[in-house]
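Undergrad: One-letter residues, chain by chain:
There are 2 protein chains.
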Amino acid sequence: MKKMNLVLLLWLFAATAHAQKLIGFTDAAAVKQVDWEKQFDAQLSAKNQDTWMQFLTSHPHHIGSPQGKINAEYMAGLFRSWGFQTEIAEYNVLFPTPKTRMLELLGSKPYKAKLEESALKEDKTSGQKAEQLPSYNAYSADGDVTAELVFVNRGIPADYEELERMGISVKGKIVLAKYGGSWRGIKPKVAAEHGAIGCIIYSDPEDDGYVQGDVYPEGAFRPKDGAQRGSVMDMPVYPGDPLTPGVGATKDAKRLNRSEAVTIMKIPVLPISYEDALPFLQSLKGPVVPAAWKGGLPLTYHAGPSTEKVHLKLQFNWDIKPLYNVIAKIPGSEFPDEWIIRGNHHDGWVNGAADPISGMVSEMDEAKSIGELVKKGLKLKRTLVYCAWDGEEPSLLGSTEWAEDHQEELRKKAVAYINTDGNSRGFIGAAGSHTLEPFFNQIADDVMDPQTGVSIKERKYASTLVNADKTARVKLAGNKNIKLSALGAGSDWSGFLQFLGIASMNLGFGGEGSGGEYHSIYDSYDHFIKFKDPGFKYGVALSKTAGRVMLRMANAEVLPMDVNSFYKTVAEYVTELKTLLENTRTETELENKMIQDKLFDLAGDPTKGFQSPKVKEVVPFLNFSELENAMMQLKVQTEEFQKLYGTGTQLPADKQKELNEILYKVERSLINEKGLPRRSWYKHQVYAPGYYTGYGVKTLPGIREAIEQRNWKEAQENIAIVSKTMEAYAAEVQKAAIIFVKKPF
Amino acid sequence: MKKMNLVLLLWLFAATAHAQKLIGFTDAAAVKQVDWEKQFDAQLSAKNQDTWMQFLTSHPHHIGSPQGKINAEYMAGLFRSWGFQTEIAEYNVLFPTPKTRMLELLGSKPYKAKLEESALKEDKTSGQKAEQLPSYNAYSADGDVTAELVFVNRGIPADYEELERMGISVKGKIVLAKYGGSWRGIKPKVAAEHGAIGCIIYSDPEDDGYVQGDVYPEGAFRPKDGAQRGSVMDMPVYPGDPLTPGVGATKDAKRLNRSEAVTIMKIPVLPISYEDALPFLQSLKGPVVPAAWKGGLPLTYHAGPSTEKVHLKLQFNWDIKPLYNVIAKIPGSEFPDEWIIRGNHHDGWVNGAADPISGMVSEMDEAKSIGELVKKGLKLKRTLVYCAWDGEEPSLLGSTEWAEDHQEELRKKAVAYINTDGNSRGFIGAAGSHTLEPFFNQIADDVMDPQTGVSIKERKYASTLVNADKTARVKLAGNKNIKLSALGAGSDWSGFLQFLGIASMNLGFGGEGSGGEYHSIYDSYDHFIKFKDPGFKYGVALSKTAGRVMLRMANAEVLPMDVNSFYKTVAEYVTELKTLLENTRTETELENKMIQDKLFDLAGDPTKGFQSPKVKEVVPFLNFSELENAMMQLKVQTEEFQKLYGTGTQLPADKQKELNEILYKVERSLINEKGLPRRSWYKHQVYAPGYYTGYGVKTLPGIREAIEQRNWKEAQENIAIVSKTMEAYAAEVQKAAIIFVKKPF
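Line by line, the protein sequences are chains A and B. First residue of the first sequence: 1, per the numbering used here; consecutive thereafter. First residue of the second sequence: 1, per the numbering used here; consecutive thereafter.
Note that these hints are calculated values from the structure, not bench results. Incorrect hints may appear among the rest.
Heads up, the list lumps identical chains together, so a pair's fine if it works in one copy or across two of them.
List of simulated lysine-lysine pairs, DSSO-like, C-alpha gap at most 30 Å [unchecked claim]: (1) K470 x K713; (2) K713 x K38; (3) K475 x K608; (4) K480 x K537; (5) K47 x K608; (6) K266 x K593; (7) K109 x K224.
Using the sequences and the hints, build the whole thing.
TA: What follows is the structure, given as structure tokens:
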């Protein structure tokens with residue numbers, strides 16, 4: 001007995017010494033939670049991930065394909081077998097596929113683009129020609145155009161300013177743009193705004209071909225005839241089905257006519273390989289392009305126009321196709337109406353191994369292990385919803401339609417949305433709502449990197465510091481905190497975060513698995529296991545990471561939202577905006593003086609006929625005081641609240657529930673129902689994809705984009721809107737703080 | 001009579017209103033000087049420059065060639081006809097030419113390098129095969145080596161640190177380096193230091209081939225078989241004849257044995273075209289190179305080594321060759337023993353139109369016009385010495401041997417040395433002793449740009465501001481002063497400035513005439529008039545600029561040296577050095593900690609086996625106080641003197657003479673007879689070519705290079721030497737100031 005007591009004491013001592021603090025948990029609950037997490041880790045299986053990937057990538061599985069439906073049913077079956085309440089949620093969306101694709105260079109050295117990726121004996125699925133979607137850009141316009149060609153670099157607004165200085169117009173021309181530098185849909189959109197009648201986008205070898213590394217199958221990079229498929233829908237206006245903005249694309253939904261759908265591109269657009277691009281680039285005359293525009297092909301890049309004409313003909317089947325989301329739930333034992341949502345898409349452009357199946361199988365492994373824990377007795381306080389989205393590639397179709405369809409319920413119940421997509425060897429990448437930053441950092445301490453044995457946070461820190469230049473290193477040294485990136489567009493969080501105001505995260509490993517397979521027939525199982533994540537070690541690491549997010553959110557006594565972390569991040573954004581305005585003013589003033597002094601004319605080579613930029617409107621001073629006052633209030637409230645937060649686990653159950661509801665709904669107060677200027681679907685006032693960058697995020701977008709577009713009136717209006725938003729957020733935080741001090745009746 | 005007075009008054013008024021202040025001239029003398037300059041300008045002739053260039057470039061005119069001698073005699077004849085006392089100064093120098101050149105890739109895909117530039121029908125001298133020097137690197141070692149190949153990027157020390165991190169050694173290997181990033185002679189020198197047994201240097205199309213612009217003859221850039229000749233003598237140790245360091249290579253000079261000449265390269269070196277380089281680059285295995293190492297060829301650049309071996313065989317004729325400098329003088333009427341020296345070389349690697357004849361004909365035009373002014377009655381107070389140097393290309397042979405041969409006389413008499421070399425359309429480039437900066441800026445106000453009609457200073461300012469990034473612009477705006485660059489190596493000033501301490505300048509236009517003809521058979525008259533300076537407008541502009549320097553220096557009452565401008569520049573260098581030391585300390589401390597924390601291991605891709613850098617010695621604090629005190633003294637003395645300078649034109653003639661002698665000899669006080677560490681020939685304590693950069697200047701080289709090489713003891717020793725040097729300079733300035741206050745006896 002005595003001896004037993006000693007053992008017990010020792011055990012208690014050891015348990016206490018090792019007891020890990022978990023944000024939102026009592027110490028006792030944390031000990032149990034960590035123990036469940038160990039079991040969770042032990043049940044993960046690289047072998048299962050491998051097996052599932054082989055099945056899911058065995059045939060092309062784009063939206064509307066036979067394999068796409070087979071995959072949905074296969075996953076639904078698995079989720080059910082793991083104990084999830086599972087359904088397939090079907091929506092019917094506009095999804096164009098090519099009927100005619102033709103691109104030719106006319107004139108003395110005619111060339112007809114092959115538009116065909118070669119089957120490789122080293123890649124067993126690359127020859128599934130009959131099932132593959134050919135290389136094309138979804139939601140391109142139908143068109144049959146013949147015109148001269150102009151090279152527009154990345155095709156972003158700054159490139160057109162440069163073209164204007166060179167005296168080159170794209171009006172009535174076809175433009176040739178390099179992939180990269182913006183989301184691809186920006187390129188035809190900006191081209192059309194400048195009067196172009198067609199757009200060709202090619203993959204320059206400098207970006208993901210032989211300049212980066214040996215090409216497939218010897219190396220991971222894009223071979224000469226590899227082309228990047230992808231959507232060119234105007235997603236920064238709204239994602240999802242073009243015909244049903246704001247509502248679910250159910251069978252009987254009210255649909256727009258195709259002509260009314262503003263997100264469908266106005267001109268024909270076609271992606272091509274660098275082998276196909278070469279003759280077109282060689283046909284260009286006119287000035288040699290600026291240094292930053294040059295790519296990796298062995299020629300002198302000229303801006304154009306070409307003397308020979310280019311003929312582009314594209315026709316599409318504009319069909320409504322069914323899509324199949326898999327939705328699998330484990331209802332919460334205490335708070336079934338608080339949902340933690342997890343998602344990854346399952347559709348690929350072709351066989352889609354890295355994108356998206358690498359993330360999908362990692363999510364599946366996570367779900368399987370959680371299912372087993374539940375069978376072993378783990379009680380999950382909150383409901384977990386595991387989703388496999390269809391139709392992400394064309395424009396986040398599956399997730400957006402589901403979010404729109406369930407918007408009322410989600411507004412009430414959704415605690416957070418955790419997304420993954422492609423995954424490969426390397427370093428953790430994390431983006432999301434900044435209330436979740438300290439919570440995520442605690443998890444990053446607990447997951448070990450499979451190659452080095454240190455935590456994924458330590459490894460990320462090492463990479464950040466080693467790759468920083470020597471000046472930046474001094475500033476970064478010692479700060480291991482992983483700053484979450486802000487979320488723009490790019491995967492399935494948009495419907496949750498930007499339409500509904502649900503705190504969201506996106507997670508994935510990368511940096512050591514780069515290649516040129518993206519959206520081509522070479523994104524295959526064979527490519528993946530050779531170059532992206534051999535042995536699925538990072539697939540398992542991702543399961544550990546995202547799984548902890550799910551498990552801790554499901555069982556925390558107090559939800560792990562840190563509103564002061566949010567405040568600090570927004571305060572940085574506000575400082576950025578003020579600096580942006582100041583710099584814009586100083587630069588404009590100086591540039592105007594330079595124009596008036598004819599310095600651009602004097603600096604230019606007179607034989608090249610460069611044109612001086614035009615004088616710009618003087619940049620006014622804006623009134624930031626309302627926003628500064630709101631931020632001050634937010635600072636005070638959030639600091640006050642975070643002082644109280646630690647004692648939240650001691651609150652009585654009803655108070656905890658009240659507190660948690662405020663905490664997960666606080667992100668909703670960042671939603672303005674009117675949405676952003678010219679795109680009412682995007683309602684979040686802190687995070688949005690850039691109107692002219694696409695994937696690239698714009699934080700405090702209403703103000704930032706107005707300043708960038710020199711729309712001073714709109715900037716001032718949006719300062720007022722954001723100020724009100726921050727006041728509303730602060731008021732919610734204050735309500736949460738009051739819970740701590742309120743005496744019960 | 002009354003009317004005449006009015007006219008006279010008006011004329012006087014007008015003259016006074018327009019009277020230009022010239023540094024070192026009384027107002028009255030300035031009026032006359034400006035009038036002579038107008039006549040000088042009017043006599044310049046683009047047509048003459050064109051005619052002379054046609055003659056001088058009609059055949060290859062390298063040192064030792066028949067045309068080289070013909071050119072010297074032709075120019076001597078012209079100088080004589082313009083009234084100059086002219087002689088041809090002959091020296092006899094070691095000049096190797098190739099006997100055997102062989103480079104082949106062995107193994108399964110053998111390739112034998114062509115080593116041949118194609119004749120072009122569009123270029124009338126390109127076919128003079130029998131007279132052309134083939135592509136080679138002068139002062140390469142003889143050798144016959146077979147080994148694996150390693151790609152070393154630019155072949156500078158930092159590249160070998162990177163190779164070490166990749167785990168690649170060049171010991172016993174042949175290295176392949178890209179041209180650029182350093183003077184070419186650094187590449188084999190550093191390769192040999194690391195144990196390489198051979199060196200190939202190629203012209204990557206990214207640097208001066210198709211990446212930059214269309215290739216010759218369509219455009220100005222290097223065609224696929226164009227190769228860059230050039231010397232690889234270890235010029236940062238000493239330039240000039242390897243067998244006669246420090247003395248003139250006269251017929252009976254005492255000569256070293258070839259084996260004793262340390263400046264001859266230790267390993268065989270060969271320059272090749274990018275067409276020839278391609279199979280060698282393709283043979284390389286091993287890791288993909290870092291992004292900054294990549295060039296413009298259509299392949300994945302690997303670091304190596306190659307699996308196949310490379311065979312390089314080179315043999316040279318090690319002949320002593322005569323060289324022919326043309327030396328043409330107009331003795332000064334008042335101060336014949338004060339010499340203003342002007343030089344440009346006349347030898348080319350092949351037909352050498354841009355390099356050097358564009359500068360040579362500009363100098364000739366200048367001399368011709370001055371000769372005519374003298375015939376019209378212009379009295380030149382000081383002696384002008386116009387020189388045409390031979391053998392600059394192999395290693396500044398002609399100018400160095402002449403300077404060494406006449407060192408005693410030059411130490412006494414040389415006021416300044418003004419150099420030019422290649423010239424083309426664009427913007428003025430000016431480098432030199434910083435005492436001459438305000439003087440040069442006054443001239444840059446007075447010469448008009450031929451394309452825009454504003455002053456060359458205004459145009460330079462426009463270019464600087466327009467091409468700066470937006471942040472830098474704000475700092476630069478409004479400051480039109482042309483900051484002289486510091487002189488390293490690269491053309492014929494070294495013997496004057498760095499061996500003898502003669503204030504020097506180098507002048508030339510450029511920036512709109514770039515091309516890839518450098519040191520190839522395509523640097524021809526046909527290329528020049530199409531791409532470099534059609535119509536010789538900038539040839540005439542250069543004559544106007546350098547001619548003003550010569551004329552004003554010849555006739556100034558007080559020489560236009562501004563010692564405070566010198567002080568201010570050196571003070572900036574001292575600040576740079578202190579910052580360099582501080583940054584080195586901070587960076588070393590942080591990097592050592594990163595190494596100890598294994599961050600480099602953690603950040604690296606474990607499948608690639610990168611090696612962590614090694615811990616470096618801690619950077620000590622150095623004692624700068626002696627230098628700071630010397631600088632303070634220099635500040636006080638130079639500020640005091642420049643306050644007095646303006647009244648110098650009022651001093652009696654004998655005082656003026658005394659003052660002028662101090663002013664032109666003040667640069668001599670920057671000479672330390674012991675020279676720099678490990679290279680006693682370089683005696684200037686402020687300006688020297690970098691030991692590991694070659695052309696690239698190192699200012700305050702004794703201190704700066706010791707810090708860069710982490711030789712702390714040597715750094716401290718050189719702080720003492722530079723302090724003494726600055727004290728000596730300040731003492732000379734003080735002597736000059738005393739002249740103003742000294743009462744005559």
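Undergrad: Hint by hint, note whether the structure agrees.
TA: Hints, one by one, checked against the model:
In this homomeric assembly, K470 and K713 come within 30 Å of each other (Cα to Cα) only across copies, at 25 Å, whereas the closest approach inside a single copy is 41 Å. Taking identical chains as interchangeable, the C-alpha atoms of K713 and K38 are never at most 30 Å apart, the minima being 56 Å within one chain and 57 Å between chains. In this assembly of identical chains, K475 and K608 lie within 30 Å of each other by CA distance solely across copies; the values are 28 Å between and 44 Å within a copy. Proximity of K480 to K537 under the C-alpha cut-off of 30 Å is restricted to the intra-copy arrangement: shortest distance 23 Å within a copy versus 60 Å between copies.
Only between protomers do K47 and K608 lie at most 30 Å apart by alpha-carbon distance; the minimum there is 25 Å, versus 62 Å within a single protomer. In this assembly of identical chains, K266 and K593 lie within 30 Å of each other by CA distance neither inside one copy nor across copies; the values are 38 Å within and 56 Å between. For the identical chains of this complex, K109 and K224 are neighbours both inside a copy (21 Å) and across copies (23 Å), given an alpha-carbon limit of 30 Å.
Hints 2 and 6 from the list above are not met by this structure, while the remaining hints are.
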